[in-house]
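Q: Take the sequences, apply the hints, and build the full model.
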Amino acid sequence: MKYLSRRLIHAILLLLAISFFSFALLQMAPGDYFDSLRLNPQISSQTVDKIRAQYGLDRPFPVRYAFWLRGALQGDLGYSLASNSAVGPLIGVRARNTVLLSGTATALAWLLALPIGIWSAAKRRRTVDRAAELATSALLTVPDLLLFLALLLLAVRTGWFPTGGMTSAADDESSFWSTFTDIAFHLVLPAFGLALAMLPMLVRHVRAAMIEVLEAPFVRAARGHGIPRLRILFRYALPVASNPLIQLLGFSLATMLSTSVIAEIVLSWPGLGALMVESIFARDLYVVVAIVMLSSIFLVAGNLLADLLLLAADPRIRTE
Amino acid sequence: MTPSTQMATSKSLDREIRSPLVRIKRLKKSHVQRRPISRAKSEVTALQDASLTIDRGTTFALIGESGSGKSTLARCLALLEKPTEGEIWFEGRDILQLAPHELFAVRNQIQMIFQDPASALNPGMTALEIVAEPLKIQKRCSKAEQRDLALGWVARVGLPSGSEHKRPMEFSGGQRQRLAIARALVLAPKLLILDEALASLDLANQEMILKLLADLQREHSLTYLHISHDLRQVAHFANEVAVMNEGRVVEQQPAAKLFAEPRDSYTRELLLAMPSLESIVLDRFA
Amino acid sequence: MTLRHTLRLTIILLAVLHALIFFAGFIAPYGFSSQNRDLTFAPPAQIHFVDAHGKIHGRPFVYGLKTDALDPTGYEIDPSQIHPLEFFVAGAPYKIAGLLPATRHLFGVRAPSQIFLMGTDAYGRDQFSRFLYGGQISLLAGLLAAAGALTIAIAVGALAGYYRGWIDEILMRTGELFVALPWLYLLFAVRAVLPLHIAGWQVFLLLVAVMGLLGWARPARLIRGVVLSAKERNFVLAARGFGASDFYLLGRHILPQASGVILTQLALLIPQYVLAEVTLSFLGLGVSEPTPSWGSLLSSLQQYYVLSSYWWMFLPAVLLVPVFLLYYAAANALQERFRSVQL
Numbered sequence: 000m001k002y003l004s005r006r007l008i009h010a011i012l013l014l015l016a017i018s019f020f021s022f023a024l025l026q027m028a029p030g031d032y033f034d035s036l037r038l039n040p041q042i043s044s045q046t047v048d049k050i051r052a053q054y055g056l057d058r059p060f061p062v063r064y065a066f067w068l069r070g071a072l073q074g075d076l077g078y079s080l081a082s083n084s085a086v087g088p089l090i091g092v093r094a095r096n097t098v099l100l101s102g103t104a105t106a107l108a109w110l111l112a113l114p115i116g117i118w119s120a121a122k123r124r125r126t127v128d129r130a131a132e133l134a135t136s137a138l139l140t141v142p143d144l145l146l147f148l149a150l151l152l153l154a155v156r157t158g159w160f161p162t163g164g165m166t167s168a169a170d171d172e173s174s175f176w177s178t179f180t181d182i183a184f185h186l187v188l189p190a191f192g193l194a195l196a197m198l199p200m201l202v203r204h205v206r207a208a209m210i211e212v213l214e215a216p217f218v219r220a221a222r223g224h225g226i227p228r229l230r231i232l233f234r235y236a237l238p239v240a241s242n243p244l245i246q247l248l249g250f251s252l253a254t255m256l257s258t259s260v261i262a263e264i265v266l267s268w269p270g271l272g273a274l275m276v277e278s279i280f281a282r283d284l285y286v287v288v289a290i291v292m293l294s295s296i297f298l299v300a301g302n303l304l305a306d307l308l309l310l311a312a313d314p315r316i317r318t319e
Numbered sequence: 000m001t002p003s004t005q006m007a008t009s010k011s012l013d014r015e016i017r018s019p020l021v022r023i024k025r026l027k028k029s030h031v032q033r034r035p036i037s038r039a040k041s042e043v044t045a046l047q048d049a050s051l052t053i054d055r056g057t058t059f060a061l062i063g064e065s066g067s068g069k070s071t072l073a074r075c076l077a078l079l080e081k082p083t084e085g086e087i088w089f090e091g092r093d094i095l096q097l098a099p100h101e102l103f104a105v106r107n108q109i110q111m112i113f114q115d116p117a118s119a120l121n122p123g124m125t126a127l128e129i130v131a132e133p134l135k136i137q138k139r140c141s142k143a144e145q146r147d148l149a150l151g152w153v154a155r156v157g158l159p160s161g162s163e164h165k166r167p168m169e170f171s172g173g174q175r176q177r178l179a180i181a182r183a184l185v186l187a188p189k190l191l192i193l194d195e196a197l198a199s200l201d202l203a204n205q206e207m208i209l210k211l212l213a214d215l216q217r218e219h220s221l222t223y224l225h226i227s228h229d230l231r232q233v234a235h236f237a238n239e240v241a242v243m244n245e246g247r248v249v250e251q252q253p254a255a256k257l258f259a260e261p262r263d264s265y266t267r268e269l270l271l272a273m274p275s276l277e278s279i280v281l282d283r284f285a
Numbered sequence: 000m001t002l003r004h005t006l007r008l009t010i011i012l013l014a015v016l017h018a019l020i021f022f023a024g025f026i027a028p029y030g031f032s033s034q035n036r037d038l039t040f041a042p043p044a045q046i047h048f049v050d051a052h053g054k055i056h057g058r059p060f061v062y063g064l065k066t067d068a069l070d071p072t073g074y075e076i077d078p079s080q081i082h083p084l085e086f087f088v089a090g091a092p093y094k095i096a097g098l099l100p101a102t103r104h105l106f107g108v109r110a111p112s113q114i115f116l117m118g119t120d121a122y123g124r125d126q127f128s129r130f131l132y133g134g135q136i137s138l139l140a141g142l143l144a145a146a147g148a149l150t151i152a153i154a155v156g157a158l159a160g161y162y163r164g165w166i167d168e169i170l171m172r173t174g175e176l177f178v179a180l181p182w183l184y185l186l187f188a189v190r191a192v193l194p195l196h197i198a199g200w201q202v203f204l205l206l207v208a209v210m211g212l213l214g215w216a217r218p219a220r221l222i223r224g225v226v227l228s229a230k231e232r233n234f235v236l237a238a239r240g241f242g243a244s245d246f247y248l249l250g251r252h253i254l255p256q257a258s259g260v261i262l263t264q265l266a267l268l269i270p271q272y273v274l275a276e277v278t279l280s281f282l283g284l285g286v287s288e289p290t291p292s293w294g295s296l297l298s299s300l301q302q303y304y305v306l307s308s309y310w311w312m313f314l315p316a317v318l319l320v321p322v323f324l325l326y327y328a329a330a331n332a333l334q335e336r337f338r339s340v341q342l
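Residue numbers (numbering that gives the first Met the number 0), protein chains in the order written: chain C, 0 to 319; chain V, 0 to 285; chain R, 0 to 342.
In case anyone wonders, no lab produced these hints; they're calculated from the structure.
Treat the hints loosely; a few may be bogus.
Quick look at which bits of chain V chain R covers, simulated, 3 or more residues with Cβ under 8 angstroms [as the list claims (entries may be wrong)]:
(1) 75-87
(2) 120-128
(3) 132-143
A few chain R residues that face chain C, going by a derived Cβ cut-off under 10 angstroms, partial list only [what the hints assert, rightly or not]:
(4) Leu6
(5) Arg36
(6) Ile169
(7) Leu176
(8) Pro181
(9) Phe246
(10) Gly250
(11) Leu254
(12) Leu284
(13) Leu300
(14) Leu319
(15) Phe323
Just so it is clear, the structure is predicted and the values come from calculations on it, not from any experiment.
Idealized CB from N, CA, C, for every residue including glycine.
A: What follows is the structure in C-alpha cells.
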C-alpha cells in the first residue's frame, strides 16, 4: 500500500511537471492564433487586443498557467480558437477515434505476436524461428511512413478498401449496424498497418521472454520428468514469462495515443494525431497543450499500471 | 631501482627503524543499505574496532573468514575506502587526516595487489602502458624515463621480453599477477598489500610468486601485508600474524607464537580446523 | 558470414552511403530547386544502349520526351531524340560541403535536353537530384541529433553513475520525466512554437537541438549502468590507488567500458532521428521549400492523383528502406560484438 501511494504521488508530480513544461514551451510561441486576424486590414488592432483579452491571452505567463491548471483540474481544458469550441469535447471525440484505432491495432498485434513469439521460442533456431526473425527484421526496417503510403496505394489501386477517413458519406439516419460496418471497413487498413508496425518489437520481446524462461532449470527439470512439451509451455513457462510481458502490455497501453500519428495523417483517420498537426498549423495553443498532456497521462498511467500489475502478479516483489 | 635512501642522523634513523610502519587504531566502518522497493534502511558494519601494528620489513598476514572485514581493512589502509571512525598512522602520520595534495604523495607509498589479476588490469591497455600508468598519473620523470622504468620492472618480475606490447588477455594468470606486482612496485612503495593475491593461482604459480616476492622484499626493503583466509598457506611464509573476526582483530602475534600458543579462543578454533598445520609449523619453526 | 565481417561490411556500406550523400552536388545532375514548368511529373528516364533501330551505341543514352498525343498531360518517348550520357560534365554550380564551389557533375546530358533518373515532381524538378540533396538534410539531422543526445547521455550517465547520491537522484528523476514525454508530440509542439516560416537552417538547427534534448534519457540510463559496474572494477581502484583524478578515471578507464553501449545506441538513434525528421517534413513542419528533405519529397503522395498516377514519386520512400536496413544491421552486429566481449 505504501508502495502504491508513493508511486501515485510520483506519477502526479510527474504529470504536473509535464504540464508546466509543455505549457511553458508553448508560451514561447511568438505570436498566436490571432496573428492571422491582425493581417486582415478590416479588423483594427484594438479589436484584436480586445478579443485576446477576452480569451485571457494578454495576462502574464504564471497567471495563464494557474488559470489553465485550475480549469484543467475541473475538466475545462480551455478553448479551441480554430474550431470555435471547448477543447475538452473536441479532443474527447478525437481521442475516442484514436483509441478505437490503436486499441484495435494493439489487440491485433498482440493476438499475432503471442503465438508467433511463443512458437519461435519453442522451435528456437529451427526454420520457423529463422523465418519469423527474418520477417520481423524486414518489417522493422520499413519505416511506418512507407508502410502506410503503401497501404494507401493499395486502397487507391485496388479499390478494395476505402482510401481514408472514418466514415463514408454522412447519413445520420443509418442504422447502428450499417454505421458499425462502415467504420469497421474504414478501420481495416489503418489498424492493420499499425499492427504491422507494432509487431516486430512485440514478437521479439515475447520470444526473448519465453526463451529466458524455457532455459531456466525448473523447465529443464520438468522436461526431464517427461512432462509433455505443450503442457510445459503453457502451464510452466508462460505464467513465469508473463512477468515481463505484462510490463510490455503496460507499455503498449502507455503509447496508445501517440503511435497512431502517421497512420492518422496518411489515411485521414480523424484522430488525435491529425488534430495535433492541424492545431500546430493553426497555432491553436490550448489544443496542443491538452493533447500533449493527455498522451503524457496515458504514458504515465500505462507505466504505473504495468508496475502495479507486476506487483500483483509477482509475489516476490511484494514480500520485500 | 632502489627506494629513496633515508638521509637522517643515526638517532632518528634508529627511532624510525624501531617505530612501526603502520599503526591502525580502532577502525570502524559501516554503511547503510537500502532495500529495493520498501526503502527500509539497515546498517551493515564491516569493521567494528580493528587495531593492529605492522613493523617495517615484516611479512604480515591478516587472517579471517569471509565477512570478517579483512578486505575492508586492507582497502581502508590502501586509501581506497574511507573508514567511519578510527586512525591509520603511516610513518608517524595519520593519513586519514591529510589534505588531498599530501595524500597524493602518500599514495605511492602504499600499493595493493588484488585477488583477481584479470580484473585488476585494464583489458584494453598493453603491459607497458599498465606498468607505466602509475608514473604517468603521479607525473614522475619524463615519458622516456617512464618507459625505461616500466620496461625494467616488466623484466624484473620475470616476464619474457616482447611482453610489453601484449594485452592482459594474452597472459596466463600467474603472469598477470606478476604484471600487477610490477605495476605496484614501479612507484617504489614501502608497503605492499596483497589481498588474497595468491588465491586464484595454482600451486606452482603460488610458489613462484612467493619466491619473487621474497627476493623483491630483500632487494627493496619492502613490507608486506598479506590478506588471506588460508591459514595453511600463511604458515609457510608469515613473520607476524593477526586474526580477524566479525570486524575486530582478536589477536596479533609473531607467527611462531601464534601457532604454538594461540591466546584467543577463536584463533584456537581456526587452528584446530587445520590438522596439517602442525607439520608445517614444526618444519618451519622447530 | 562471421560477425566481424558483417560489422565491417555494414560500416563500409554506411560510409559509402554517406559519401554519396555528401557529394550530392557532384552526383546530382541538377540543383534542387531548378524547375521545368513544361516537364511536370515526367516519368523516370530509362538508360539504353541499343536504339529503336537496333543500333548499338558506344555511350548509354536516353530518349527525349514529347507530349503524348493522346493525353496532353502525359509524355511519350520520342525515339528520334537520342541524348547520349556524358560524364564529368560542366553544369550548374554548387558547393561541396557548402564551402568549396565547383561545377563538374558526375553525369548529365547536353542542354537543352534533360535526364530525370527518378522523374520529376509537380514543378518539374528532378527527383533524383532532390533525393540526394534531401538526404543531406535528413541524414545530417539524424546524425547531429543522435550525436547531441549521446553527448548529453554520456555526461549524465557518467555523473550519475560515478558520483551517485543526490546527483544521481536528480538526474535520473529528470530522465524519467523526459522518458514520460510523448516525444513525437513534443517535437510537434516545439515546432508549433516556432513561427511557421522562419529561415530554413534555423528551423533545422532548432529541431536537431530539440530532438537531441528529448532523447538522452534512455541511453543515459544504460551508460549509467555500465559506469556503476565499471567503477568498482579493480583496475579502476588500482588507478585510484595511484592518485588518479576522477576525470582521468572516467575518461581513461570507465567510459571506454561503455563504448559498446554508446556505439549501439548511436546506430539505433540515428535512424530514429532521421525518421523523425522525415515525418516532420512529410507533414510540412520541417525545413521549408524549396530545400528538399526525404520527407517533403513524399508529402505530395498525400494527394490522390499523385498516388494513383505517378508511381515514381514513391521511390524516395522505397529508397529509405536500405538506409534503415544498414543502420539496424550495424546496430545488431555491434550488439553482438560487444555482448561477447563483456562476458
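Q: For each hint, tell me whether it holds in the structure or not.
A: How the hints compare with the structure:
1. Coverage of the segment 75-87 of chain V by chain R holds. Counting CB-CB distances below 8 angstroms, 3 residues qualify, and the rule asks for three or more.
2. Here's how the segment 120-128 of chain V fares: 3 of its residues keep a CB closer than 8 angstroms to some CB of chain R, so the rule of at least three is met and the hint holds.
3. Only when three residues or more bring their CB closer than 8 angstroms to a CB of chain R does the claim for the segment 132-143 of chain V stand; here the count is 4, and the claim holds.
4. Taking 10 angstroms as the C-beta contact cut-off toward chain C, the hint placing R:Leu6 at the interface is violated, the least distance being around 16 angstroms.
5. For R:Arg36, the interface hint is violated, the least distance from its beta-carbon to any beta-carbon of chain C being 26 angstroms, above 10 angstroms.
6. The restraint placing R:Ile169 at the interface with chain C is violated, with a minimum CB-CB distance near 13 angstroms, outside the 10 angstroms limit.
7. A least Cβ separation of about 6 angstroms between R:Leu176 and chain C falls short of the 10 angstroms threshold, and the interface hint therefore holds.
8. The interface hint given for R:Pro181 holds, since its Cβ lies 4 angstroms from the closest Cβ of chain C, which is under the 10 angstroms cut-off.
9. Here the hint on R:Phe246 is broken, as its CB sits about 32 angstroms from the closest CB of chain C, past 10 angstroms.
10. For R:Gly250, the suggested interface contact is broken, since its CB lies about 33 angstroms from the closest CB of chain C, more than 10 angstroms.
11. Interface hint at R:Leu254: violated, since its Cβ lies 28 angstroms from the closest Cβ of chain C, which is beyond the 10 angstroms cut-off.
12. Annotation: R:Leu284 was flagged as interfacial toward chain C, and the flag holds, the nearest CB pair being 7 angstroms apart, inside 10 angstroms.
13. Restraint check, R:Leu300 versus chain C: the minimum CB separation of about 6 angstroms is within 10 angstroms; hint holds.
14. Using the Cβ-Cβ criterion of 10 angstroms, the hint placing R:Leu319 at the interface with chain C is satisfied: the shortest such distance is roughly 6 angstroms.
15. Below 10 angstroms, beta-carbon pairs count as interface contacts, and R:Phe323 has one with chain C at about 5 angstroms; its hint therefore holds.
In the structure shown, a violation is registered for the earlier hints numbered 4, 5, 6, 9, 10, 11, in ascending order.
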